[in-house]
Amino acid sequence: MKSQGFQSLPWRFRGLSAAAVALYVYLYIPLIVLIAFSFNGGRMATIWEGFSLRWYAEVIQSDQFRAAAANSLIVASTSAFLATTLATLAALGFRGRPLRGQGMMVPFLSFPLVVPEIVTAVATLIFFISVGIPLGMIGLIAAHTVFCIPFAFITIKARMDTMDITLEQAANDLFANPRRTFFAVTLPLLWPAIFAGFILAFIVSLDDFVISLFLAGPSSTTLPIYMFGMMRLGVTPAVNAVSTILLVVSVLFVLTAAWMNKISPK
Amino acid sequence: MLIMVFVSLVERAPDGGVVWGRFTTVAYTQFFYEENLLGEMSFNSDYMQIYLRSILLAGFTVLATFVVGFPTAMYVAMQEPGRRALLIFFLSLPFWVNLLVRNYAWLLLLRANGLLDQALMGLWITSEPLNILYSNTAIAIGLTYSFLPLMVLPIYAAMEKFDFSLVEAAFDLGANRVQVLMHVIIPGVKGGIIAGCLLVFIPGLGSYVTPVLLGGSKSLMIGNLIEAQFAAARNWPFGAALAFVLLLMVVLAALLRALLLRHRQRVAP
Amino acid sequence: MIIALQLYLTEIRLSFLTVQAVSHQYAGTDVKVLNNVVLPIQENEFFTLLGPSGCGKTTLLRVLAGFEVPTQGKVLLDGQDIVRIPPWKRPVNTVFQNYALFPHLSILRNVTFGLKMRGMSRAARHKAAHDALALVRLEAFVDRMPSDLSGGQQQRVALARALACKPRLLLLDEPLSALDYKLRKEMQGELKRIQQETGTTFVFVTHDQEEALAMSDRIAVMQQGRLEQVGPPSDIYDRPATPFVAGFIGDSNLLPAEPGAGGRLYLSGGTDLGVPGAAEAQVMIRPEALKIDTDGPLSGVVNDLVYSGAATRFGVTLNDGSGTVQIQQPSASVSGISIGDLVSVAFDPNQLWVLDR
Chain A
1 MKSQGFQSLP
11 WRFRGLSAAA
21 VALYVYLYIP
31 LIVLIAFSFN
41 GGRMATIWEG
51 FSLRWYAEVI
61 QSDQFRAAAA
71 NSLIVASTSA
81 FLATTLATLA
91 ALGFRGRPLR
101 GQGMMVPFLS
111 FPLVVPEIVT
121 AVATLIFFIS
131 VGIPLGMIGL
141 IAAHTVFCIP
151 FAFITIKARM
161 DTMDITLEQA
171 ANDLFANPRR
181 TFFAVTLPLL
191 WPAIFAGFIL
201 AFIVSLDDFV
211 ISLFLAGPSS
221 TTLPIYMFGM
231 MRLGVTPAVN
241 AVSTILLVVS
251 VLFVLTAAWM
261 NKISPK
Chain B
1 MLIMVFVSLV
11 ERAPDGGVVW
21 GRFTTVAYTQ
31 FFYEENLLGE
41 MSFNSDYMQI
51 YLRSILLAGF
61 TVLATFVVGF
71 PTAMYVAMQE
81 PGRRALLIFF
91 LSLPFWVNLL
101 VRNYAWLLLL
111 RANGLLDQAL
121 MGLWITSEPL
131 NILYSNTAIA
141 IGLTYSFLPL
151 MVLPIYAAME
161 KFDFSLVEAA
171 FDLGANRVQV
181 LMHVIIPGVK
191 GGIIAGCLLV
201 FIPGLGSYVT
211 PVLLGGSKSL
221 MIGNLIEAQF
231 AAARNWPFGA
241 ALAFVLLLMV
251 VLAALLRALL
261 LRHRQRVAP
Chain C
1 MIIALQLYLT
11 EIRLSFLTVQ
21 AVSHQYAGTD
31 VKVLNNVVLP
41 IQENEFFTLL
51 GPSGCGKTTL
61 LRVLAGFEVP
71 TQGKVLLDGQ
81 DIVRIPPWKR
91 PVNTVFQNYA
101 LFPHLSILRN
111 VTFGLKMRGM
121 SRAARHKAAH
131 DALALVRLEA
141 FVDRMPSDLS
151 GGQQQRVALA
161 RALACKPRLL
171 LLDEPLSALD
181 YKLRKEMQGE
191 LKRIQQETGT
201 TFVFVTHDQE
211 EALAMSDRIA
221 VMQQGRLEQV
231 GPPSDIYDRP
241 ATPFVAGFIG
251 DSNLLPAEPG
261 AGGRLYLSGG
271 TDLGVPGAAE
281 AQVMIRPEAL
291 KIDTDGPLSG
301 VVNDLVYSGA
311 ATRFGVTLND
321 GSGTVQIQQP
331 SASVSGISIG
341 DLVSVAFDPN
351 QLWVLDR
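Chains as they are written, first to last, in the working numbering: chain A, 1 to 266; chain B, 1 to 269; chain C, 1 to 357.
These are computed hints drawn from the structure, not numbers from a lab. Note that the structure is a prediction, hence the values are computed from the model and not measured. Fair warning: there could be bad hints in the mix.
Claimed, not checked - Here are the in silico distance ranges between beta carbons for each label pair:
id: 1; chain 1: B; residue 1: Met182; chain 2: C; residue 2: Asp180; range: 25 to 33 Å
id: 2; chain 1: B; residue 1: Leu181; chain 2: A; residue 2: Leu92; range: 52 to 60 Å
id: 3; chain 1: A; residue 1: Ile29; chain 2: B; residue 2: Leu256; range: 49 to 57 Å
id: 4; chain 1: B; residue 1: Gly59; chain 2: A; residue 2: Ser62; range: 38 to 46 Å
id: 5; chain 1: A; residue 1: Arg180; chain 2: B; residue 2: Met182; range: 53 to 61 Å
id: 6; chain 1: C; residue 1: Arg122; chain 2: A; residue 2: Pro188; range: 17 to 25 Å
id: 7; chain 1: C; residue 1: Arg144; chain 2: A; residue 2: Ala18; range: 23 to 31 Å
id: 8; chain 1: B; residue 1: Val251; chain 2: C; residue 2: Arg144; range: 25 to 33 Å
id: 9; chain 1: B; residue 1: Ile186; chain 2: C; residue 2: Leu305; range: 53 to 61 Å
id: 10; chain 1: A; residue 1: Asp164; chain 2: B; residue 2: Val67; range: 41 to 49 Å
id: 11; chain 1: C; residue 1: Asp304; chain 2: A; residue 2: Asp164; range: 44 to 52 Å
id: 12; chain 1: C; residue 1: Ser333; chain 2: B; residue 2: Glu80; range: 38 to 46 Å
id: 13; chain 1: B; residue 1: Ser165; chain 2: C; residue 2: Arg122; range: 28 to 36 Å
id: 14; chain 1: B; residue 1: Leu255; chain 2: A; residue 2: Pro178; range: 38 to 46 Å
Where a beta carbon is used, it is the ideal one built from N, C-alpha and C, also for glycine.
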């Protein structure tokens, strides 16, 4: 006898909605404040002096900002691309073989969650130095790719697991060999998830700070590192502006990824 | 596999500064204790203090996120499916915003004469600025804020799979709300709770951004300490050693969780 | 086995598809999913594989399609062993149980899929697709997407998709099992019609024996990987080769009988069955062949009664200890009889069928 689930309980646990609402407020207020004050006319980040876009102008015109942003974009797009490709191959490879590689995969996949970033950063740094990989863009891309793979993989694998196997059998039955089946059936169906995985990997790479801090050379400052420098120097609305830019970009991408995942031909 | 390579490399601490000499593990352990000893055989408590503070702060964060997050998880689980997805989405959205940005926002709020102070003074609750920033409290707030979704989501996931007819049965048998909560719901979603705790504790322990932005130089956590070794102090082996200790702690925590789960499996009918 | 051998020897030359001593077991298991199956299938025939779940009929179909390579045996198509030929190279097409329409392609593209893979020109493909869709009466849906269609319509599209390729052999894996009763009956007629119009050889898998009896030219009854009987529906129904077939097809009464005076068989109570027999046997008689009569050789007590409109079913426990029989009669002739009544039962020896014990 299946009950209606939690939906039948609200009247028993009153006060929860208040708690939940409070939580959502708590989550969003700091961000809203931050965004609001990026439009502050005055020099102080926390004392309102009227609406102005000057900080955005200042930020966008700054060479350092542009360089950092460019670096970030390059690293993020390259890492995301590599990570997504590898994740797709992995997902395809592990299909329908529950026994073989699964045990090995699980720790590999969960390590961004299980190991603190700083440990990974330290380990990667030492690894690179010892092997002779120069710190800089290439190292960054390599490291980012590695920790982005799990994010892309989970997205793609989730989609793949719900895909109907008989579709590929049907394609085979209709004279399509495995290669043609992949391009005509598997890939089109998997495509939204692959794209969503790419976007997710992109955001993760873009947002990364700790690992980048350790591995970036002087000429490969990424946007978060640049922001951190600014924050260290002082609190000005300019920092708010940069933060807001990054925030907006991240949110846009997340929304796109979510939307992509919803597009699923039945 | 890569992680194993990394770990083994972290283990191999070289002797001598930044130059790679011979690899010995003996030097490694010696180094660790050496740094912790002032002069001869007396304990340098500074580093221990930092580790302790980190553990406490991380632990507190776990508690705080649980207290705040559990009711919310329950609330969301009580909505109808369409709304649920939306709520969960909005819950996790802030998480995708850069960690720096999120902590910086709190920096703004908590600094002397920052917005929190302005609000409180404006409402005549306090007459002087509270110096919350650059303290353990600030770090705690920052950590809680940063990792809240990590606690809520696993609990929510566990609740979705939970069989609520048990709850109704309990009510039917006369239990009041508190009893139902303690004896039916919480044990039922224990897996999710443990997962959430772990997901918050581990990054919390190794957190760098939050303490560096909100903690100031008096309140260091492990993360800051490690970073310092690689940047300012140029003591790479020590930094590596610290990182390794952190890793061990993390592994310990994970093992604990595995044990707890397995015990649960055996107890379940 | 004997039957299989007989078929092998006499019919092998005529058939265009032969399943020759095919056995199959999955890697790592000992269980023979198919056990020495021999089937000659004629061209232009509606051939059905019938049996309960787990009997191996779907596995056999997969072998024919090319998705499984049997551990032993051959499948000869026009004399050539196709067992190792991959599905995309076989002139065989399948209609899947869950239809397996490509959700990202329109109906037209679904139906032309196989033809496109074969390299047919666009114009030719479209013509062939239209013809196939006309055959299943779905021409109007050409530009829709699969998700727009109902289950029954998707089914027909799946059929059209396979037929468009003009295969030498069309395999259907329980295609009607997901449809409701009325639709199923309708589709049974449609499938039969299409098979006859196109002249394609159909191999149809089902667990529904009514369906099999209604549609097939010949039926192969399977159980646990073995063939129990192969033959036209009337053979299967009236002259089942084994107790399993007798029990699986329709309802039947199986009564133990022994040889007695005059070389005939007798029931345990001593009733003369009127059929010759020299050994212990089981005698099968269908419920509709028994009659509650005023003057029959058997007698018993009615212990069950189910009225279903035109006919009524009785369960009668025979007094001679042979057991309980099911009797089905037109309701009009048996009104007034109720549970607990003592009745006499008559039968026609010509409608008895003798099975080995």
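Violated hints - listed by number, lowest first: When the structure is compared with the hints, numbers 1, 2, 3, 7, 8, 12 and 13 turn out to be violated.
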